[in-house]
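Enquirer: This is what each chain is made of:
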Amino acid sequence: MSAPATGGPLDAFLRVEGLARSFNGVPAVRDVSFTVGAGEIHALCGHNGAGKSTVVKMLSGQLAPDGGRVVVEGAVVEPNSRRAAQRMGVALVDQELSVVPALTVLENMLLGDVTAPFVNRRRAAAARCRRILDDMGLAHIDPDQPLAALGIGERQLVEIAKALSQDARLVILDEPTATLSDAETEHVFAAIRRVAGMGCSVIFVSHRLSEVLELCASVTVLRDGRSVATIPTEDLTVDELIVRMLGSAPHRLSGTRGPDRGDGRAMRIEHLHVPGRLVDFTLTATAGRVHALAGQLGSGASDALRALAGLQPQATGTVELNDRRVPLRHPARAARAGIAFVSNDRKSEGLFLGMSVERNLLATRLPGLARAGVVRPRRERRAALSLAQRSGLPEYRLDAEVLALSGGNQQKVFVGRCLGRDDVHVLLLDEPTRGVDVGGRAEIHRLLREAADRGLVVIFASTELDELLELGDVIITMRDGQVVGRYEGEVDGALLMRDMTHEADGT
Amino acid sequence: MSTDNGRGTATAPPVQGAGPHPSPSSAGRRPTAFAAGLAVLLLVLVALAVTAPRFATVDNVRAILASTAFVGITAIGATLVMIAGSVVSLATAQTATVVAMLFLATQHLGLGTATLVAVAAGVAVTALQGAVVGYWNANPIVLTIAAGFAIGGGATWFSGGTPVYPRTSAFEVLNSTPLGLPLSVYVLLVTAAVAQWVLSRTTAGRQLYLIGENRPAATAAGLPVGRVTVLAWAFFGACVAMTGIFLASFNTSATVTLGGTLTLDAIAAVLVGGTAIAGGHGSALRTLGGALLISAISDVLLLRGFSTGVQILAKGVLVLAVVITVHVRTTRSRR
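Note that the protein sequences, when read in sequence, are chains A and B. For what it's worth, numbering that gives the first Met the number 0 labels the leading residue of the first sequence as 0, then goes sequentially. For what it's worth, numbering that gives the first Met the number 0 labels the leading residue of the second sequence as 0, then goes sequentially.
It cannot be assumed that every hint is accurate.
As the list claims (entries may be wrong) - Each pair of labels, with its calculated beta carbon distance range: (1) B:192 - A:449: 41 to 47 Å; (2) A:488 - B:136: 42 to 48 Å; (3) A:269 - B:136: 26 to 32 Å; (4) B:256 - A:110: 45 to 51 Å; (5) B:127 - A:100: 38 to 44 Å; (6) B:192 - A:148: 56 to 62 Å; (7) B:152 - A:100: 32 to 38 Å; (8) B:136 - A:422: 37 to 43 Å; (9) A:332 - B:171: 47 to 53 Å; (10) B:127 - A:449: 56 to 62 Å.
Keep in mind that the hints were calculated from the coordinates and are not lab data. As the structure is a computational prediction, the values presented were derived from the model and not from experiment. Each residue gets a CB set at the ideal place from its N, CA and C atoms; glycine is no exception.
Hey, can you work out the whole structure from these sequences and the hints?
Expert: Pasting the structure below:
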């Protein structure tokens, strides 16, 4: 077990000791220990897959640990639901907001209150909520206003206020600022500091390392499911923190693998703009190379791909493919121009789950296999077989429902659907290996490399350093909807990480 | 099976058919389980039918086929709409009524012209709704409730609330019975065959299933969601128009209530055929089977002297049983 964090047991509100949890035999959290003092703002940092969200889920009662224990105010607790955790004074403010826009601020604050009596005494409740809002510096918010009238940052604040109104003494904030503007972030921070000043402990989970250093007193670094250190932030710089998170930082092995073919085939993107999400994105992506957009949630990387696929109704800008204009805002027209898009949500926006592998592989190429709109089953079968072979899918699974496949094979079906078509010139992939096992991941990477070798423009977005470094010939780092840097050849993982997580100084 | 026993279980066959089915299905493959359920249902029906007086006569089979035709033709069209994920149209009866009125009012222009006008009207009105659903993602139930009122209002306005009579009776030829079967039965069979072929053998048919299975995915994949949806609705409109034309010819006049319970009868036939109400699964031939089954059960009950109320009740129980069976099937496979 790693050394327990500093801090006397008496003033510690929460003590986590040797927490562990596996999924289907694969450990997600191996050994995590840290201590959060009363009124302390404590950060949890780690790269993707380090185990942050699993720890958060265990603390908030959504997952039971396999090993270790959680001690709240000296007593071992085993919450088995979010309600149970709430009763112990631990509240979670989620990445996805769980407030109801149609209800008023007050109604939202009373929602799911485990301490509420069966018959609500509305006036008393209203007075209490008013007091909490005032304490948080939200005197300008009217509790009778519908939540929909508030900005996204204020909604976040209402959610924190809701946690406080339910007597939370530890609030866990999971990526609270990912989608906020700077001004909104400042507001949220001010409120968090006040909350901490009132004696409530805060666990802050964020990819934005500069914010972590600004806000938190100390940070526990997670790596590969272990807590590797708990460090006071006053001794820490962003670069040091990144080194701690990455361990021995991965370096680029070789130079550019996919050379510029020089035949002029390229996708030229100029001033692509999505209100509130993406600012002035410009990129010339040449055929034959793999372009990686590196950015965390809210960085705009995903939005850029969606806009190119025609799925952002408010996108503006100029996109040309091989010197022909590609229409924005229309997915069917983007597809006709030769753009294939692999969404990060393959279940709801990708595959036709209740249908066979064959039908899924052929879904987007039916007109090409038909004569005058009439399908030719034998030709379809041949096409499906050759696609299955190319994508590394077992042939005997062609008639199986996609639903029955593993995540890796499902993703192969999704990617395979876009391959082997003469009318596809651009492959866009959002998190191409999300929820895919190691073996499947390598095969999908091979597919993307092959597609580029065949002369396609390949652009993918990812949050995973390993994937970015392994696959990207050109890496574009993004943050807050803007491009931060562009790298080719040798590049340091820590440098990418810095771009993705840290506000550039002075600019 | 004694007569008493048969009478006692008259409304029960669907329940018996579906009841035992869910438990073995957890072990077996889904199609097998479904087939087993259907087989039990059919066995009970056959037992009931054989013991019923005059069931297995040529005249009775003709009667069953004839009573299937009107609803069946519309149901075949509704199958395409349901497979495409557009759920159902609740404006069906009103559309059929308006078409029937137009058909009778234009008889003096000749049968060909009158038919053309009627079908064009049915296709136009229905395809327009399909466009709103397909291109603008409107909720089909809300939309067709509104369209139903508008079309029904149009019918009342058009007819002035009185029956529409034709000036000539050129339509009489549609009531002919070649080879002893009404012309509508042939139209039903041809419609079913065409629909089945379109669904299974054309690009648009394949895309219909994909769109119904997962519309956001179809959109993101760049499939022609709007165009294919409109095609499905247009086909449905043509089917409703044909039903309207036959209704008009059969009744020789058209009132605003001519469509009657066509809307829900057609939906019932599609559902009994096992088409998924959420889209993505189903077939025209199965709808044909569903329509025939409903007619046959009504016929058996009629021959056994049950009232209309019992017939409708039996239809309700049958639809419920099939819908539950299909639901259990799909949710089990999703787990």
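Enquirer: None of the hints should be skipped; say for each whether it holds.
Expert: Right, here's what the structure says about each hint:
1. B:192 - A:449: 41 to 47 Å: The hint (41 to 47 Å, Cβ to Cβ) holds, given that residue 192 (chain B) and residue 449 (chain A) are roughly 44 Å apart.
2. A:488 - B:136: 42 to 48 Å: At 46 Å between Cβs, range holds.
3. A:269 - B:136: 26 to 32 Å: With Cβ atoms ~30 Å apart, the hint holds.
4. B:256 - A:110: 45 to 51 Å: 49 Å, holds
5. B:127 - A:100: 38 to 44 Å: Cβ of residue 127 (chain B) to Cβ of residue 100 (chain A): about 33 Å, so the range 38 to 44 Å is violated.
6. B:192 - A:148: 56 to 62 Å: Roughly 57 Å apart at Cβ, these two residues keep to the hinted range, so it holds.
7. B:152 - A:100: 32 to 38 Å: 36 Å, holds
8. B:136 - A:422: 37 to 43 Å: With Cβ atoms ~26 Å apart, the hint is violated.
9. A:332 - B:171: 47 to 53 Å: Holds, since residue 332 (chain A) and residue 171 (chain B) (Cβ atoms, about 51 Å apart) stay within the stated range.
10. B:127 - A:449: 56 to 62 Å: 46 Å, violated
Hints 5, 8, 10 from the list above are not met by this structure, while the remaining hints are.
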